[in-house]
Structures are given as structure tokens and as C-alpha cells.
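Residue numbers (our numbering), protein chains in the order written: chain D, 160 to 614; chain B, 160 to 614.
Just so you know, these hints were derived from the structure itself, not from any lab.
Hints may contain errors.
[To be verified] Subject to a maximum C-alpha distance of 30 Å in a straight line, what follows is the list of computed DSSO-like cross-link-like pairs (lysine-lysine):
| id | chain 1 | residue 1 | chain 2 | residue 2 |
| --- | --- | --- | --- | --- |
| 1 | D | K175 | B | K161 |
| 2 | B | K411 | B | K606 |
| 3 | B | K248 | D | K197 |
| 4 | B | K197 | D | K197 |
| 5 | B | K175 | D | K222 |
| 6 | D | K553 | B | K161 |
| 7 | D | K230 | B | K175 |
| 8 | B | K222 | B | K318 |
| 9 | B | K175 | D | K161 |
| 10 | B | K493 | B | K606 |
| 11 | B | K553 | D | K248 |
| 12 | B | K248 | D | K248 |
| 13 | B | K222 | D | K175 |
| 14 | D | K248 | B | K318 |
| 15 | B | K197 | D | K248 |
| 16 | D | K175 | B | K248 |
| 17 | B | K544 | B | K497 |
| 18 | D | K553 | D | K496 |
Number of protein chains: 2
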Amino acid sequence: MKALSPADQLFLWLEKRQQPMHVGGLQLFSFPEGAGPKYVTELAELLRTYSEPEYPFNQRLTKRLGSYYWKEDHHFDLEHHFRHEALPKPGRIRELLTHISAEHSNLMDRQRPLWECHLIEGVRGRRFALYNKAHHSLIDGMSAIRMATRALSNDPNAKDLPPWWAMQPKKREATSPTATDFISSLTQLSNSAGKQLSTIPTVIREVYKSVQQANENPDTVSIFQAPQCILNAPITGSRRFAAQSYSMDRIKAIGKAMRATMNDVVLAICGSALRNYLINQHALPDQPLIAMVPVSLRKDDSEGGNQIAMILANLGTHIADPSDRLSVIKASVKDAKKRMSQMTPEEALNYTALTMAPTGLNLLTGLAPGLQAFNVVISNVPGPKKACYWNGAKLEGMYPVSIPLDGIALNITLLSYEDQLEFGLTACRRTLPSMQRLLDYLENGIKELEVAADL
Amino acid sequence: MKALSPADQLFLWLEKRQQPMHVGGLQLFSFPEGAGPKYVTELAELLRTYSEPEYPFNQRLTKRLGSYYWKEDHHFDLEHHFRHEALPKPGRIRELLTHISAEHSNLMDRQRPLWECHLIEGVRGRRFALYNKAHHSLIDGMSAIRMATRALSNDPNAKDLPPWWAMQPKKREATSPTATDFISSLTQLSNSAGKQLSTIPTVIREVYKSVQQANENPDTVSIFQAPQCILNAPITGSRRFAAQSYSMDRIKAIGKAMRATMNDVVLAICGSALRNYLINQHALPDQPLIAMVPVSLRKDDSEGGNQIAMILANLGTHIADPSDRLSVIKASVKDAKKRMSQMTPEEALNYTALTMAPTGLNLLTGLAPGLQAFNVVISNVPGPKKACYWNGAKLEGMYPVSIPLDGIALNITLLSYEDQLEFGLTACRRTLPSMQRLLDYLENGIKELEVAADL
Numbered sequence: 160m161k162a163l164s165p166a167d168q169l170f171l172w173l174e175k176r177q178q179p180m181h182v183g184g185l186q187l188f189s190f191p192e193g194a195g196p197k198y199v200t201e202l203a204e205l206l207r208t209y210s211e212p213e214y215p216f217n218q219r220l221t222k223r224l225g226s227y228y229w230k231e232d233h234h235f236d237l238e239h240h241f242r243h244e245a246l247p248k249p250g251r252i253r254e255l256l257t258h259i260s261a262e263h264s265n266l267m268d269r270q271r272p273l274w275e276c277h278l279i280e281g282v283r284g285r286r287f288a289l290y291n292k293a294h295h296s297l298i299d300g301m302s303a304i305r306m307a308t309r310a311l312s313n314d315p316n317a318k319d320l321p322p323w324w325a326m327q328p329k330k331r332e333a334t335s336p337t338a339t340d341f342i343s344s345l346t347q348l349s350n351s352a353g354k355q356l357s358t359i360p361t362v363i364r365e366v367y368k369s370v371q372q373a374n375e376n377p378d379t380v381s382i383f384q385a386p387q388c389i390l391n392a393p394i395t396g397s398r399r400f401a402a403q404s405y406s407m408d409r410i411k412a413i414g415k416a417m418r419a420t421m422n423d424v425v426l427a428i429c430g431s432a433l434r435n436y437l438i439n440q441h442a443l444p445d446q447p448l449i450a451m452v453p454v455s456l457r458k459d460d461s462e463g464g465n466q467i468a469m470i471l472a473n474l475g476t477h478i479a480d481p482s483d484r485l486s487v488i489k490a491s492v493k494d495a496k497k498r499m500s501q502m503t504p505e506e507a508l509n510y511t512a513l514t515m516a517p518t519g520l521n522l523l524t525g526l527a528p529g530l531q532a533f534n535v536v537i538s539n540v541p542g543p544k545k546a547c548y549w550n551g552a553k554l555e556g557m558y559p560v561s562i563p564l565d566g567i568a569l570n571i572t573l574l575s576y577e578d579q580l581e582f583g584l585t586a587c588r589r590t591l592p593s594m595q596r597l598l599d600y601l602e603n604g605i606k607e608l609e610v611a612a613d614l
Numbered sequence: 160m161k162a163l164s165p166a167d168q169l170f171l172w173l174e175k176r177q178q179p180m181h182v183g184g185l186q187l188f189s190f191p192e193g194a195g196p197k198y199v200t201e202l203a204e205l206l207r208t209y210s211e212p213e214y215p216f217n218q219r220l221t222k223r224l225g226s227y228y229w230k231e232d233h234h235f236d237l238e239h240h241f242r243h244e245a246l247p248k249p250g251r252i253r254e255l256l257t258h259i260s261a262e263h264s265n266l267m268d269r270q271r272p273l274w275e276c277h278l279i280e281g282v283r284g285r286r287f288a289l290y291n292k293a294h295h296s297l298i299d300g301m302s303a304i305r306m307a308t309r310a311l312s313n314d315p316n317a318k319d320l321p322p323w324w325a326m327q328p329k330k331r332e333a334t335s336p337t338a339t340d341f342i343s344s345l346t347q348l349s350n351s352a353g354k355q356l357s358t359i360p361t362v363i364r365e366v367y368k369s370v371q372q373a374n375e376n377p378d379t380v381s382i383f384q385a386p387q388c389i390l391n392a393p394i395t396g397s398r399r400f401a402a403q404s405y406s407m408d409r410i411k412a413i414g415k416a417m418r419a420t421m422n423d424v425v426l427a428i429c430g431s432a433l434r435n436y437l438i439n440q441h442a443l444p445d446q447p448l449i450a451m452v453p454v455s456l457r458k459d460d461s462e463g464g465n466q467i468a469m470i471l472a473n474l475g476t477h478i479a480d481p482s483d484r485l486s487v488i489k490a491s492v493k494d495a496k497k498r499m500s501q502m503t504p505e506e507a508l509n510y511t512a513l514t515m516a517p518t519g520l521n522l523l524t525g526l527a528p529g530l531q532a533f534n535v536v537i538s539n540v541p542g543p544k545k546a547c548y549w550n551g552a553k554l555e556g557m558y559p560v561s562i563p564l565d566g567i568a569l570n571i572t573l574l575s576y577e578d579q580l581e582f583g584l585t586a587c588r589r590t591l592p593s594m595q596r597l598l599d600y601l602e603n604g605i606k607e608l609e610v611a612a613d614l
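Based on the provided sequences and hints, a complete structural model is requested.
Here's what the structure looks like:
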């Protein structure tokens with residue numbers, strides 16, 4: 160029996176009926192050459208033979224004196240965790256997204272190991288999908304992606320690759336949750352508060368400076384200045400998921416032409432899409448939306464010092480012109496990175512924690528609904544660079560399915576894979592009607608920057 | 160805005176993550192003649208046009224001063240409630256039951272009207288299925304069955320029949336929940352306790368008599384004497400559902416030959432199946448299992464006085480011989496009915512309430528785990544006598560999907576339809592492994608009685 164870390168306990172405490180705390184991933188595969196009509200059925204039969212999961216996928220929760228522990232599930236029942244499902248006809252991506260939206264809404268059974276793997280047949284065009292789901296207390300989003308990738312091969316001829324639950328995952332770095340994962344970063348609130356009090360004066364000074372600066376320059380983002388927005392309502396228990404792949408080359412070309420990083424361009428595209436979506440909903444705030452974004456703080460091109468922190472970025476949603484919007488975003492990110500890079504790693508962590516404090520407070524207590532530090536989470540996660548195969552089936556796309564929270568009803572997570580950027584949008588179904596339109600607006604956002612850059 | 164009755168509030172209070180309080184029904188249809196390959200897709204499109212639900216299916220919960228009220232959902236979103244799904248190949252009944260097991264495990268979104276309708280394609284043999292789901296606070300099991308039936312027609316040529324959520328249901332008799340519905344009867348605890356105190360002396364006398372009698376004759380069932388059994392463990396959040404149709408003529412023939420009512424024969428078959436299942440699990444108690452059963456108390460063949468109450472029946476699971484087992488069951492039911500028939504309706508209700516008191520107490524407070532009044536619920540519900548059609552598609556079968564509770568991990572509900580008895584077995588997945596075997600054991604139970612009756 161092993162106690163959960165305070166951070167992992169937090170994910171269980173934060174979980175409510177309308178706020179499940181599991182992360183997911185949708186993988187879309189194409190049939191290998193020569194696959195017959197029974198291909199997926201046979202694959203399901205093969206997967207059912209992996210009925211002995213590896214650690215930690217054999218661990219279930221148990222509670223003692225108010226704290227949670229992991230212990231082995233001696234009645235492990237693979238049929239509960241591995242599910243063979245099908246899309247109704249015509250089996251388009253639309254039906255797939257509807258299916259994932261419904262499945263991602265469902266809480267998991269806490270009396271069992273907190274993961275599920277859904278093998279989905281009936282995807283048009285000789286394809287099938289995997290929807291993997293695991294509770295955040297078991298594995299964080301980044302580790303989940305790494306693990307799902309490790310179960311694949313770059314060799315199309317590699318056979319007998321076991322599914323991810325039958326592979327022993329690498330040790331998780333429990334002491335430093337990946338800051339690219341917003342939810343993990345939340346746990347800094349509980350983890351770092353007591354430890355690094357010595358850095359607090361620096362942090363307070365930076366907070367003060369950022370508030371001052373914001374007063375002088377309205378495009379600089381201070382803490383707690385995100386506008387009220389429909390994206391920041393309490394959430395309900397049903398989800399809406401949308402996903403699409405965009406060409407990385409297009410994003411890179413824009414970045415090169417407009418002297419911006421890929422991350423800046425991504426934020427500009429998201430800002431454009433959110434602006435258009437909110438205009439369509441008659442709900443665009445006068446003030447720009449603020450995104451919580453994980454960024455690299457690497458100061459030069461050296462390999463070391465690849466420190467990552469969460470920053471607040473101005474998305475320029477109040478600006479109609481795409482070039483002007485990108486400029487505001489660039490300046491805002493540069494400023495936030497500069498502030499972060501002047502801090503020690505401990506200070507940066509504390510700064511992040513303080514930045515997110517109202518969000519964390521709201522999530523845990525609902526006490527400070529007026530203090531909105533940011534409106535949306537946009538995470539850019541590195542994925543596999545080379546084409547991946549699973550027993551001969553090519554991985555065509557891989558989309559993160561993340562966690563909306565009370566007051567943060569939309570999560571945008573993107574993953575790089577080969578020459579694609581894979582966007583996964585996860586939202587509260589009630590708070591974001593017609594969310595599928597965001598996919599078109601993202602495409603628009605790319606196009607308008609291409610026009611602006613004369614591409 | 161309309162306040163929920165105390166009984167309906169109870170279903171919300173009783174609901175826990177691992178104890179959802181929704182009822183369901185599985186309807187299996189065969190394609191009408193001449194239906195093409197797009198039949199179900201087109202049916203789904205047709206159903207999506209009924210986007211304005213009738214009362215109460217347009218009502219959502221709202222909470223005020225700790226009490227629940229119904230109010231209209233002004234953002235009704237049919238896509239959330241109506242779901243078009245598919246079975247994976249080969250689309251046997253096995254895949255259908257797996258699908259229903261998973262869906263019935265999922266809690267509903269309390270921010271929306273508490274119902275769902277799942278249209279399921281890909282059932283082998285030119286069939287499709289509907290899985291209807293509604294929270295018990297919205298509609299009780301009996302009303303749900305009546306309503307699902309009302310949406311059908313006896314005329315195979317009737318067209319343009321709207322789905323059940325687009326039909327105004329008949330007024331529910333809120334003051335007298337149908338006693339055939341065990342869960343509804345539970346609410347007698349809260350409803351009748353204060354009202355009919357004058358009948359308490361009679362009830363106490365009957366309780367005393369039944370305890371005395373039980374001491375003299377071990378086959379008489381007293382209150383609180385059900386044995387400890389694996390069926391009476393705390394439940395988990397995942398479900399197992401099994402369903403099968405059995406010929407009513409066979410049951411009737413056995414009843415005629417052995418001078419037993421159809422209900423007695425059903426109990427004997429269930430007793431046989433449970434005995435074999437528990438032997439297989441190395442868990443057969445020495446004492447007979449006790450079933451909570453709704454029975455008719457009609458004293459003669461006149462139309463009036465069709466009073467229904469819940470009785471405790473000895474299932475004779477300790478007896479190997481099928482004839483002897485049936486005799487014990489007959490005597491036990493006759494005795495319980497006689498006791499009930501000597502009471503006034505009010506007394507019978509209070510007696511029922513008292514009988515179920517420990518169960519109700521356990522469910523609400525977990526205070527009296529040692530007092531087990533019964534081991535299993537077996538409900539026999541009257542359904543349509545004539546063949547039903549839905550826009551030309553024949554209803555082949557109709558199976559209740561009910562509610563397991565903490566300490567009552569298995570619910571057996573059966574429904575009569577045409578010349579069939581439709582068994583629906585709903586259980587906690589963890590507490591009842593290999594539950595599908597119960598279906599074979601039920602068939603065995605019929606066969607051994609046929610042999611005993613020389614049929």
C-alpha cells in the first residue's frame with residue numbers, strides 16, 4: 160500500500176460529479192495493408208489477452224483515516240477497463256467526436272484501477288480509434304502522452320507491441336510535476352507554499368511590478384485582470400470535444416514571416432478563433448482574453464536550462480487586425496518570459512503558484528469568484544516527431560482530451576506529431592454551444608495570418 | 160417551478176457515485192419489411208426532429224434552501240439526451256448487454272432533464288434496440304414501462320408515432336407509488352410513518368406473530384432473518400446487465416401441473432438459479448435466501464380489491480429437490496399473503512414499511528448492517544399483452560434495467576409481453592462475477608420443474 164502524494168490527493172478532492180478529473184487521449188489509426196473486415200474484432204480479441212496490467216494500472220484506491228492509498232486490485236476485471244465499441248454510420252469524424260464527448264463525461268469507478276481503454280471500430284476510410292482515459296491522480300497528462308507513445312513503434316513492421324496498460328511506465332517524477340500540464344501546476348499551490356517561503360519577497364516584488372506596468376501599458380498582463388467572460392462560468396457534467404490537425408509548416412511559415420515563435424502564432428490563431436466564436440455568441444468582452452500558457456524559459460540555444468513555467472498571455476481578442484493582434488501577443492509573452500527568466504526556478508514556481516492562487520482558491524472553495532486570473536488554458540505539448548505505428552497500423556492523429564474546470568470551461572491542448580499540430584478542445588457542453596465552430600475559426604485564424612504575411 | 164415530493168427527493172438523496180438512482184428499459188425491435196441499409200440512420204434523423212420534449216421531459220432540477228424543484232430547461236439540447244450508438248461486430252446479444260451494462264453505470268447530468276434515449280444500431284439479424292433511461296425522481300419504473308408502451312402501437316401499419324419524450328405522459332399517481340416498484344415502496348418509510356400511527360398496534364401484533372411462527376416453523380419467513388450472503392455487500396459503481404426471454408406457456412404449464420401460481424413458479428426458478436449460482440461461487444448460505452416480492456392481495460376473482468403489497472418470500476435455496484423447493488415457496492407466499500390479507504390496506508402498507516425499515520435505514524444511514532431483511536428483489540411487472548410496433552418495427556422484447564443498492568447488489572425484474580416473460584437482471588459488476596450464468600441457470604430451473612412435473 161502506497162500513499163498518494165498531496166498533489167495526487169488534490170485531484171481526487173477536486174473531483175465532483177460535474178467536474179471529473181480524468182485526462183484522455185484520442186488516437187486515430189489507419190488499417191495496415193491487407194487488413195480484412197474482421198481486423199478490429201481480432202485486435203480486440205488480442206488486446207483481451209493482456210489481462211494482467213502492469214503497475215500502476217493494477218492499483219486501486221483505498222481510503223484510510225481520510226487519506227487515499229494505492230493498493231493492488233486483486234479482482235482485476237479487464238472487461239471493465241478495455242472496451243470494444245463502434246461508431247454508428249456513417250462513421251465520420253463527427254460521429255467519433257460525439258462518441259468521445261459522451262465517454263469523456265462519465266466518471267470512472269473508484270473501486271477499480273482508474274483507467275479505461277476504448278477501441279472504436281466503424282470509423283470511415285479504413286480507420287479505427289483508441290480513446291484512452293486515466294484519472295489525473297494516477298498519471299498526469301504529459302506522462303499519459305509519453306506512455307501512449309512508448310507503446311507505439313516507428314517501425315511499420317514491428318509486431319506484438321503490447322497495449323500501454325501492459326507496459327511498465329517509466330518512473331514518474333513525482334516531485335516536479337510537468338508545468339506544461341496546467342492541472343499539475345495547480346498542485347504547486349499545495350506543494351510549494353510551505354517550502355520556499357524565502358523566495359516570497361522577490362515574488363511579491365514581481366507581482367507589484369507587473370501590476371504597475373499593467374497600469375502604464377494596457378497590453379501588459381497583470382494578475383487578476385482577466386475580463387468576465389462566458390467561458391468562466393460554473394461547468395456542468397457533460398462535455399463537448401472537438402479535434403483537428405493543422406499543418407505545422409503553415410504555422411512555421413507564418414512565424415518566420417512575422418518574426419514570431421510557433422507558440423506566439425498558435426496563441427494568435429487561438430485568439431482569432433475565440434474572438435470570432437465570442438462575437439458569434441454575442442459575448443466578446445471589451446478587454447482582451449487572458450490565456451494561461453506553459454512556456455519554455457530557455458535563455459539561449461544551449462541544451463541546459465530548459466525551464467518551463469506558466470505565464471499569462473494577452474490573446475488580443477479585442478483587436479480585429481491579425482497582425483496587430485499577433486504583435487500584442489508577442490509583446491505580452493516576451494514580457495512575461497522576461498519577468499520569469501529574471502527569477503530563480505523556485506521564484507518562478509512561486510510566482511506561478513501565486514498567479515494561479517485565485518483559480519486554485521475558487522476551485523477548492525468557490526470563495527473568490529470575482530478574481531479571474533485567466534479565461535482559458537492553452538497548452539502546447541511536444542509529441543512524437545516521427546510517424547508511429549501500432550502493430551502495422553499507422554497513427555494518423557493523436558488528440559489530447561483534457562479537463563474543463565469550474566470557471567475555466569474550455570481547455571485547448573495541442574500536440575505536435577510528425578508535421579502536424581493536433582488540436583484537442585475539451586469544454587463544458589452547456590457553456591460552449593456550437594463549439595465545433597471553433598475548428599473552422601482556427602482554420603480562419605491561420606488563413607488571415609497567411610494573408611497578412613503575404614504567404 | 161414545482162417542488163419535488165419527499166419521495167422523489169429521497170431518490171436524489173440516496174444517489175451516490177456508486178449508486179445511481181436511474182431506471183432503464185431495453186427494447187429490442189426487428190426491422191420492418193423492406194427496410195434498407197440506412198434504416199436506423201434515417202430513424203435517428205427522424206427522432207432528432209422531436210427536439211421539443213413534453214412535460215416532464217423538459218424539466219431540470221434546481222435547488223433552493225436545500226430542497227429540489229423542477230423548472231423548465233430553457234437550453235434544452237436534444238443531442239445530449241438522444242444518442243445514436245452502435246454495437247461492435249458481431250453485434251450479438253452479448254455485445255448489446257455489454258453496451259447496456261456500461262451505459263447503465265453512468266450517472267446523468269443533473270443540470271439537465273434527467274433522461275436519455277439511446278438508439279442502438281448494429282444488432283445482428285436485422286434488429287435494433289432502444290435503451291431508455293430516466294432518473295427515479297422523474298418517473299418511477301412502472302410509469303416508465305407504461306409510457307414506453309404507450310409510444311407503441313398494436314398496429315404494424317401505424318406511422319408517425321412520436322418517441323416517448325414527445326408524448327405527454329398521463330398524470331402520475333403521486334400519492335400512491337406503485338408497490339410493484341420496490342424502490343418506490345421504500346418511500347413508504349418517509350410517507351406513511353406519520354400518517355397512520357393508529358394501525359401500528361395491529362402491525363406490531365403481526366410482526367410478533369410472524370416471529371413466533373418462524374420460531375416454530377423454519378420455512379416461515381420472519382422479518383430480519385435473511386442470511387448473510389455475497390449478494391448483500393456494499394456495491395461499486397459499475398453494472399452488469401443480463402436479459403433473456405422465457406416462454407410464458409412453459410411457466411403456466413408448470414404452475415398448472417404443480418398447482419402453483421405463475422408467481423410461485425417464477426420464484427422457484429429464481430431460487431433454483433440463485434442456488435446454482437451461489438454453489439458455483441462457493442457461497443451458498445445454509446439458510447434459505449429471502450426475496451422481497453410484490454404480490455397481489457386480491458382475495459377472490461372479483462375485479463375490485465386488487466391490492467398490492469411487498470412480501471418476503473422464502474426462496475428455498477437450501478433445498479436441492481425442485482418440487483420440495485416449490486412447496487416451501489408456495490407455503491411461504493401463501494402465509495405472507497394471508498397475513499397481509501387480514502390487514503387493512505393501511506396496516507398492510509405499514510407492515511411493508513416496517514419490513515423494509517432496516518433496508519431503508521441501511522441505505523440512508525448505514526447504521527444497521529447486521530439486520531438483513533431480504534437478500535434479493537424479484538419484481539414481476541405486467542407488460543403489454545399484444546404484439547407492439549413502432550412505426551412498423553416489431554417489438555421483439557422489452558427488458559427492465561433496474562437499480563442495485565448498497566446491500567442489495569442484485570435486482571431481478573421481469574415483465575410479461577405477449578407470450579413471453581422478459582427477465583432483466585441488474586447487478587453490481589464486482590459483487591456478481593459471471594452473472595451471465597444466471598440466465599442459463601434460470602433455463603435449468605424451468606427444465607428441472609418440467610421434469611419434476613412430468614411435462
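Now the hints, each set against the structure:
no.: 1; hint: D/K175 <-> B/K161; verdict: holds (26 Å)
no.: 2; hint: B/K411 <-> B/K606; verdict: holds (13 Å)
no.: 3; hint: B/K248 <-> D/K197; verdict: holds (8 Å)
no.: 4; hint: B/K197 <-> D/K197; verdict: holds (22 Å)
no.: 5; hint: B/K175 <-> D/K222; verdict: holds (17 Å)
no.: 6; hint: D/K553 <-> B/K161; verdict: violated (55 Å)
no.: 7; hint: D/K230 <-> B/K175; verdict: holds (23 Å)
no.: 8; hint: B/K222 <-> B/K318; verdict: violated (41 Å)
no.: 9; hint: B/K175 <-> D/K161; verdict: holds (26 Å)
no.: 10; hint: B/K493 <-> B/K606; verdict: holds (24 Å)
no.: 11; hint: B/K553 <-> D/K248; verdict: holds (22 Å)
no.: 12; hint: B/K248 <-> D/K248; verdict: holds (13 Å)
no.: 13; hint: B/K222 <-> D/K175; verdict: holds (17 Å)
no.: 14; hint: D/K248 <-> B/K318; verdict: holds (24 Å)
no.: 15; hint: B/K197 <-> D/K248; verdict: holds (8 Å)
no.: 16; hint: D/K175 <-> B/K248; verdict: violated (35 Å)
no.: 17; hint: B/K544 <-> B/K497; verdict: holds (29 Å)
no.: 18; hint: D/K553 <-> D/K496; verdict: violated (38 Å)
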